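Undergrad: Got chain A; can you put chain B on it based on the hints?
One letter stands for each residue in the lines below.
Number of protein chains: 2
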Amino acid sequence: MIHFIAVTVEARTAPKREAILEATIQVLRERGLSGLKVEEVAKEAEVGKGTVYLYFQDKQDLLKALIEHRTLSFYRKVEEVVERQGSFAQRLGEFLRLRVSWVEEWRGLWAAVAREAQPENTQGWLRGLHQHLQDLLERLVESGQQRGEVRPELDVELTAATIAALACNPQLEFPREAYLNHLSEVLLKGVAL
Amino acid sequence: MIHFIAVTVEARTAPKREAILEATIQVLRERGLSGLKVEEVAKEAEVGKGTVYLYFQDKQDLLKALIEHRTLSFYRKVEEVVERQGSFAQRLGEFLRLRVSWVEEWRGLWAAVAREAQPENTQGWLRGLHQHLQDLLERLVESGQQRGEVRPELDVELTAATIAALACNPQLEFPREAYLNHLSEVLLKGVAL
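Heads up: the sequence lines are chains A and B, in that order. With this note's numbering applied, the first sequence corresponds to residues 351 to 543, in that order. With this note's numbering applied, the second sequence corresponds to residues 351 to 543, in that order.
Worth flagging that the hints you see were computed from the coordinates, not collected in a lab. This one's a predicted model, so the numbers in the text were calculated from it and none came from an experiment. C-beta atoms are modelled at their ideal positions from N, C-alpha and C, and glycine is treated no differently. Do not take every clue at face value.
What follows is a set of in silico ranges between Cβ atoms, one per label pair, in the way DEER data are often shown [to be verified]: (1) A:Q435 x B:Q435: 45 to 51 Å; (2) B:R434 x A:Q481: 36 to 42 Å; (3) B:D411 x A:R426: 40 to 46 Å; (4) A:L543 x B:E396: 50 to 56 Å; (5) B:T401 x A:K366: 35 to 41 Å; (6) A:E389 x B:H482: 36 to 42 Å.
Excised from the complex, chain A in its bound form (with noise of 0.2 Å):
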């Protein structure tokens, strides 16, 4: 039992975990939920099926730890730009890069994954690590504040909210950067008159 903790303990820090889950993301790509097939994850890696489960107990186990993975390096890169000097117009527009490339990276298949990796309280274990990304935005909202570049009457945990809500695929194709430069515009200044 100690051999096997030891293991688990080596393994989280292990550069096949990291290959695994990059491998399970790359195969939910390609062949959607459905076809995430625990042999097809240990091919991609190139791994043995063994290998997959000396990391990870079961596919659903596998799929958790994919979100939290993921979700977290996300997060910490969102982190370092919130707590980066500059004015609260360039952080937002960096933050709305990470954002677009996250969107696409998942392309709508995040919830999903989350439902099957955590189907006892999904709505419970997204909210916790939802937070942070709503913590850190509410940061940002407030640095800016603090700099005099948002309007100071604002609702800080809605603008957060709001911020955060502009996420979705855009699903149709435009040119990135014309396209990233229209979002900050008009979260910046508004489509009104």
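TA: Then chain B, alone, in the frame of chain A:
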């Protein structure tokens, strides 16, 4: 063969077909995509399993019909709002209300269901559907510019795409009316001081 086609055409307008589609989204919400079985749908719709197969060839056909039925019905409601007399601000507010309800109804499952429904060319099919929404929102933006309510220098296509992008599930719960008012406020006036 002629008889079969006649049944299918009649089936398309039958209330039982609607009840089965309604039951499908119910089962999806409760059990997720992997828990969706035709037996469960039949039970929820209070029909026999054979009845489901009278209307839909298989699970994939059922999911495709579900996406098209729900999405086109959402677009019809959006069209009604866009075509309505009234200020741009009012119609934008109504659109956001429809959009947030739509997102809540699917809870992030839409894209995953679409992928199961049409695995060969998901992106192409979704783009075709989404183009309707884009067209409707372009009409809304244009009418706002004609009424002198929307900044004339804004690109119509990208502004419509930005409004469409403001659509993700906030995950966290906010008071509904305050949240909707805030989305409208930020889209209309922006956050910048």
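Undergrad: All the hints need checking, so say for each whether the structure fits it.
TA: Each hint, compared with the structure:
Between A:Q435 and B:Q435, the C-beta spacing of about 49 Å keeps the proposed range 45 to 51 Å intact. A C-beta distance of roughly 37 Å is found between B:R434 and A:Q481, which places it inside the suggested range of 36 to 42 Å. For B:D411 and A:R426, the Cβ-Cβ distance of about 43 Å falls inside the hinted range of 40 to 46 Å, so the restraint holds. For A:L543 paired with B:E396, a C-beta distance near 53 Å keeps the hint of 50 to 56 Å intact.
Between B:T401 and A:K366 the CB atoms are about 50 Å apart, so this pair departs from the stated range of 35 to 41 Å. The supplied range of 36 to 42 Å is met by A:E389 and B:H482, whose beta-carbon atoms lie about 39 Å from each other.
The structure fails hint 5 only (numbered hints given earlier).
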